[in-house]
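*Asks:* Residue numbers for the sequence shown follow the working numbering, beginning at 1 and rising by one.
Mixed in with the good hints, there may be bad ones.
[Stated by the list, open to error] Under the rule of at most 30 Å between Cα atoms (straight-line distance), these lysine-lysine pairs were calculated in the BS3-like manner:
# : residue 1 : residue 2
1 : Lys-171   : Lys-139
2 : Lys-86    : Lys-171
3 : Lys-86    : Lys-139
[Said to hold, decoys possible] With beta-carbon atoms standing in for the labels, derived distance ranges:
# : residue 1 : residue 2 : range
4 : Glu-174   : His-116   : 29 to 39 Å
5 : Val-112   : Asp-91    : 32 to 42 Å
6 : Gly-193   : Ala-47    : 18 to 28 Å
Since the hints were derived computationally from the structure, they do not count as laboratory data. Small disclaimer: the values here were computed from a predicted structure and weren't measured. The beta-carbon is built from N, C-alpha and C at its ideal position, and this holds for glycine as well.
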Amino acid sequence: MSTRTLFPTLIYRHALAGAGQGRLNQDLEDECRSLALSDAAGRRWSATHYLGGYTSYGSLDRLHLVSSLFARLKRRIDPHVRAYAKALHYDLSGISLDMTDCWANVMPAGVVHSLHLHPTSFVSGTYYVAVPRGAGAIKFEDPRLGLMMATPPRRSNAPAAVHAFVSQPAKPGEIVLFESWLRHEVPPARFSGERISISFNYVWREAARRGRRG
């Protein structure tokens, strides 16, 4: 008898490094904190949808197009998104992977980012700027969970790959990438300070044809 693993869910994580990464991270932290103070539209949106915290999702959701700092971050993320797509065995010939959305999140203790997905995107992810000790992890849901109507509970020592929920700790300087259909959340946590992250979405497009003859 043999068993096979089918339909895997792959999560990609990597620490961004290279010349100037520490300075870039500090500048991004300063910029995110500044946005949380100055973005009145974002604060109004957050008061309804992001209670206790701040996100620019409802006001400034394309920061990579309006800020050179966020554009620099995008350029460092781009090759990782392509590497992740290759690991998923997608055919990328003639395909470009483009960041469409990029927004900042500032979460004090107790703030919740409820379970959701990103239905109009291909790859989504988060770059962690500042993560105080004890700050919330990102929690992923098994995409088959809603179909498991009659299954028994898992053993307590079952491997993480078959759990209904798996949490990945947030670490400053790291990106976490996942396919946009995967539901995820950030549960509340007790900690001192602010958890600062930058979230983003990518889509795929057919690359423009070159050398076309009329």
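*Asks:* Are any of the numbered hints broken by this structure? If so, which, sorted upward?
*Replies:* 4
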